[in-house]
Amino acid sequence: MRRYLTPVWVLGCLLMQAVSPLQAQHDLGLYNMKMIPQRMFQNPAFIPQQKFYLGLPVLSGLQSSFSVPFSYNDLIERDAYDSVTFRVGNFLKKLGNYDRFRLYTDVDVLTLGTRIANGKFYLGLSIRERISQHIRIPENLGNLLWYGNAAPQLFGRYANIAPSVNFTAFDEWGASLSGYAMKDRITWGVRLKYLSGRFDASTIRSRFDVYTDTSNYHLFMQSDFEFRTSGIDDIDTYLDQPAGRLVFPGNHGVGIDVGATFRVNDHLELNASLLDLGFIRWKSRTMNIISHHPGEIFEFDGFSLQDFIDMLSNINLVGQKITDSVVDLVEIDTVYSSPYTSWLPTRYNLGGTWSFNEHHHLNLLLNGVSWHGRLSPGLSASWYYELPKILGLMVSYNVYDRRFTNVGFGLSVHAGPIQLYALTDNLTGLIFYHRTRGYSFHVGLTIAIHDKEGSAPAPTRAPDPEATPK
Amino acid sequence: MKKHIPIVTTDFPLLPALTRWLPLLVLIMMTGCRKDFQFDKVKDLSWNPDMAIALVNDTISLRKILTQGGGERHLVIDESGDISILYYYNDDALRIRPNDLIRMVPVPFSYSHTITPEEQAVIAVSDLTLANVPVTFSLPGTNPDLRVDMLTIRKGRIRILTHHTFANDGHLNVRIVNATKDGSQFSFTVSPVVAGNTETTVDLAGVKFDLSSSPNKVTAEVGGVLKQTQTNLTGQQLAADFEIRIDTVAEFRGYLGQHTFPGLQDTVSVNVFNNAYTLGNLYFMDPRATITLYNSIGIPANITIEKMVSVNTVSQRTLDIAGRLGAGAYIQVPSPQPPPAPWVVRSTEYTNENTGNAMYDFFDVKPDHAAFQVTAVVNPNGPALNFFTDTSSFHADMRVKLPLWGHFDHLTYQDTFDFSLTRPKEIEYLEFRTHLANGMPVSGSMQVYFTDESYNRKDSLAGNDPILIRQAPTDPATGLPYPGMMGIRDTTYILGYNRIQNLETVKKAIIKAVLESPDNGQMNVRLRATQLINLEFSARARLRKNIEISH
Chain A
1 MRRYLTPVWV LGCLLMQAVS PLQAQHDLGL YNMKMIPQRM FQNPAFIPQQ KFYLGLPVLS
61 GLQSSFSVPF SYNDLIERDA YDSVTFRVGN FLKKLGNYDR FRLYTDVDVL TLGTRIANGK
121 FYLGLSIRER ISQHIRIPEN LGNLLWYGNA APQLFGRYAN IAPSVNFTAF DEWGASLSGY
181 AMKDRITWGV RLKYLSGRFD ASTIRSRFDV YTDTSNYHLF MQSDFEFRTS GIDDIDTYLD
241 QPAGRLVFPG NHGVGIDVGA TFRVNDHLEL NASLLDLGFI RWKSRTMNII SHHPGEIFEF
301 DGFSLQDFID MLSNINLVGQ KITDSVVDLV EIDTVYSSPY TSWLPTRYNL GGTWSFNEHH
361 HLNLLLNGVS WHGRLSPGLS ASWYYELPKI LGLMVSYNVY DRRFTNVGFG LSVHAGPIQL
421 YALTDNLTGL IFYHRTRGYS FHVGLTIAIH DKEGSAPAPT RAPDPEATPK
Chain B
1 MKKHIPIVTT DFPLLPALTR WLPLLVLIMM TGCRKDFQFD KVKDLSWNPD MAIALVNDTI
61 SLRKILTQGG GERHLVIDES GDISILYYYN DDALRIRPND LIRMVPVPFS YSHTITPEEQ
121 AVIAVSDLTL ANVPVTFSLP GTNPDLRVDM LTIRKGRIRI LTHHTFANDG HLNVRIVNAT
181 KDGSQFSFTV SPVVAGNTET TVDLAGVKFD LSSSPNKVTA EVGGVLKQTQ TNLTGQQLAA
241 DFEIRIDTVA EFRGYLGQHT FPGLQDTVSV NVFNNAYTLG NLYFMDPRAT ITLYNSIGIP
301 ANITIEKMVS VNTVSQRTLD IAGRLGAGAY IQVPSPQPPP APWVVRSTEY TNENTGNAMY
361 DFFDVKPDHA AFQVTAVVNP NGPALNFFTD TSSFHADMRV KLPLWGHFDH LTYQDTFDFS
421 LTRPKEIEYL EFRTHLANGM PVSGSMQVYF TDESYNRKDS LAGNDPILIR QAPTDPATGL
481 PYPGMMGIRD TTYILGYNRI QNLETVKKAI IKAVLESPDN GQMNVRLRAT QLINLEFSAR
541 ARLRKNIEIS H
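Sequences listed follow chains A and B, in order.
For the first sequence, counting from 1, position 234 maps to 234 in our numbering; every step adds exactly one.
For the second sequence, counting from 1, position 266 maps to 266 in our numbering; every step adds exactly one.
Extracted from the complex, chain A is given alone in its bound form (with noise of 0.2 Å):
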C-alpha cells in the first residue's frame, strides 16, 4: 500500500505547487462520480456502468457554478439593529486579491446513450444549453472611482482600469461515441459538437492606462481595447426575432471533445479529457467596439482659462465637465455586422484514481480551463464511496479560484430505473455562504437502466493480470 501511495503523495504534493493561483471552472466532483452518466461531460471515455440512460429534459442536468472576489461578509456588515453597512473598502481589497467574477451553467435539455455493438461501444446524444462568463474588474477600477486618482493607491502610477468581458452563450448538439481498446485497459471517447451561438461578448485587447502626473496633475491616458459583441446591442428586440431565428441564430459553430482512460492495474487508473476545443463564426447582430487610436497617449492638460471662468458659474458642475472632457478625449469607434471567430473556454483534465476495493476510491484531479489565452487550473483530491447500483458518495477537497477551503460534497442516489444526483464542490461555502467567495452545485434527475440480474455485463474491466493466480 505504501509503495502506492508515496508517489500519489509526490504528484499531489506537485500538483499543488503547479497550480497556484489556481481558478479553474468548478464541477470538479462530478468527474470521479462513477455512477453518474453526465460524467461523460467531463470526459467521454468515462463509459456509463448503466446500458442505457435518458436525462429527463432541463432535468436531467443542471450545473451552476460562480466565483467571485468577495464573500457576503466581505461586502456586508450588519449591526445589531439589522442596519446594513456596504464595505466598498473591503470589497475593493478583496478585488485587490482576485478580480475575477466567474459563471458557468450548463443545463441539459436533454442526454441519453446507450450500449451498442453488444457492449463495445457507447453512443450518446445531447443538447445542452451552455453559458460561460469571465469578467474581470481590475482593483484599481474601483480605486479610481472610490478612492479618486490622488489616492495613493493610483497618484503617479500606471494604472490598468480597463474590465475584461468574455461571455458566450449557445446550444450545443453533442454526439458521442466511446469504447474500450487493449483488452478493456483502456477505453477512449470522443463527442463531436454542433455548436449553435445565441450571445457573446469577447474582449480580444483591454487596456485603459490611467496615470495622474504628481507635479501638475495631468492626466495621461492609453486605451487599446477591442470588444466584439454578438446580440447584445440590440437584445431589447431579442425576442422579437422568428421562433426559427431564436433556435439557430445564425452563429455556427464546431467543438470536440475527447478523452481517456488507462488502466494501470487494478487499483490505479489514470484519465484524461480535453473538452470544448472548439469555435463559434458569429455573424448575426455583431457590433465591435474599438479604441480609434489604440496605444496613443493622451493627455488631459486642463482647459483654457476661458472655458475654466465659465465654468464656475456652478462649480458643482466642474467635475461633470471635466468627466465629459476626458472621456471626450477617448474616441471609440463602432463596427456592425462584422463577423467575428470566437474560442470556447477549453478545459483539460487529467486524473488518477486509486481504488481500494470496490467501494472506495481515492481520486486526484487536475483541471483547468483555457480562455482568451489565459489558463486557469485547479486541484481536487476526493475520496468516493460506491455501492454498486444503489449509492454514490464523494467527498472532495478541492482548490480553485485561489481557494483552498473548499470541501467538496456529492451524492447519486438509484432507486430503480431513476438516478438522482446532487454534487458540489463547496459544501461549506453552500452552508456557510456569508464566507464564501462562490458555489458550485450540479443536481439532475435521469433514468438510468442497469444489466439484469444475471445478465452478462458489459465488459467494463479486464481482469490484472498481476492480480490472477499463477
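Here are the simulated DSS-like cross-link-like pairs (lysine-lysine), alpha carbons at most 30 Å apart as the crow flies:
id, chain 1, residue 1, chain 2, residue 2
1, A, Lys93, B, Lys41
2, B, Lys458, B, Lys508
3, B, Lys43, A, Lys94
Label-pair restraints from in silico Cβ distances:
id, chain 1, residue 1, chain 2, residue 2, range
4, A, Thr334, B, Phe39, 33 to 39 Å
5, A, Ala80, B, Lys425, 25 to 31 Å
6, B, Lys41, A, Met311, 35 to 41 Å
7, B, Arg457, A, Met311, 20 to 26 Å
Note that these hints are calculated values from the structure, not bench results.
Note that the structure is a prediction, hence the values are computed from the model and not measured.
Don't be surprised by glycine CBs; every beta carbon is placed ideally from N, CA and C.
For chain A, the structure is supplied; the task is to place chain B on it using the hints.
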C-alpha cells in the same frame, strides 16, 4: 424477498444523522437567508475620494488678451509684432453729403389763354392748335450764391394745378427747352381739358437740366390742342399753375456757394482696456493721432479742429488739447479734378514732438472716451467749379495710435464673474496650484476675491499672499524680454474645511491683477503680440459626500 440496503446500517453511519437533521439545517439556513437579504435599513455610504486634476493649461498671447473683449478692431500689429492700440472715429464722424450742400427752392410759373372769336371759328370746323408760349424762370437755391450749370434730379416733381372754364377733349403740351430725359427732350401733356380745379403731378426723376449757357435759367414752352366742337368757347379761358420741386440731386456742376459746418463732433467709447488701466499710471513713449480727410466732392474745404478732448468718466477728468495742436489744427483739403472725380486725401499726424507733448497729456487722462469737434468751411476762397454725384462724399478718419511702448505701474486689471459653490460641505480640503510662466516684460500680483451678491468680500484665494507674476528678464536697451526667457512662479494655496464653508454664500469672484513694468514701473518696455504667458492651474480636492443607498 426484500433487498438489503447496507448504507444505513454499516457503510455510512453518518447518513441517519444527516437524514434526521438535514431538514432542520435547511430550515435554519433559509430563515437566515431571508434576513440576510433584507436591505431596508442600508446606511448611507460616505464617499471620500481624493481627486487631483489639471484645471487650466492655457498659453495666452498678448494679442489674445487684448482681443478677448472684442477689441481687435482697436489693434494694429505690425510685421515685428509691435502692438498699437487704435482709437478711431467712424466714418460718419465728419461727413458732408452732397445734398447737404444744395437745397433748391420750389419754382412756380403760370400759363393762361382766352379763346378768341377767330379761334372759335376754327374750332367749330376743326381742331385748334394753340401756339407755344415760352416761360422762363430761375432755379434758385437756399444759398443765394448757388450757380447751377448742370443738374440731374434724383427726386423731384412738377405739380400742375389747372382751373379751366370749359371742358374739351384736347390737352396742354409742356416742354422744358433745356432739359432732357433719357437723352430726349423732356415734355409732357396735361389732358383732357376739364372745367374747374384739377391737379396733376409729373415725376422729374432722371431729368437733366443743362444750364451751362445760361446758369440757373430754365425755359419752358406751354401750348396745346383743342378738339373741334360746336360749343361756343369764345371768351372761355385755359389756365394752369406749375410748381417745380427738386428734392435731391443726382449730379451737379456749378458753384455751391460758401458753407460753414460748425460743431461737427463725435464721441467714441474706448474699450480696449475697459477699466483695466484706470487706477494706474502709464506713459506711452510715442502716442500719436492722425486725422485723414477724404474728398470726392468737387469742392475745396478748410477744417479747423476746435476741440480734442479726452474723458475719463471714472475720475471725471477731461483734457482738451485742441489749442496745443498748432498748425495741425488747420487742414486744407483741395477739390479733386473733374471728371471722374478721384479722391483727394489729406492726412495730418499729431505727435508729442509737434504738439509740445500734448498727446502724452491727452492719454495721461487714461480716457475711456475721446471726443472731438471741428468746423468745416467749403469753398473758403469764393467761387470755383464744384461738382458732385450723389455717391461723392467728404469725410474724415480720425485715428489715435498708441504704440505699446512705455512704462507703467499699478496698471490694474479687474474683472468679475459669477461663482457659486452651493454644497461646500462636500469639500473637505482644497489645494490650488498655479504655475505661471510669463514671457512679457511686466510683473504683477493677482488676487481672486470671493464676494456675495452685494460684493461684500467673504474670502480671497491667496489671502495676504497674492499670486505673483514674475516678469520675463528684460533687456533695458530694447525694452524686450531676452529671447526664450520667461519669468516663472509656482504657488500653492490651501483652503481648509472652515474656509470652504465660508464660501457658501459667495456669488461673485473678482479677479484683480496689478501690473507694472520693470524697475518699479520705470523701465520702458515694448509689448508685442507674440509675447506669451502660460497659465497652469491645478487643484487637488478631497470630497466628502454621502451617497444615499436606501432611497
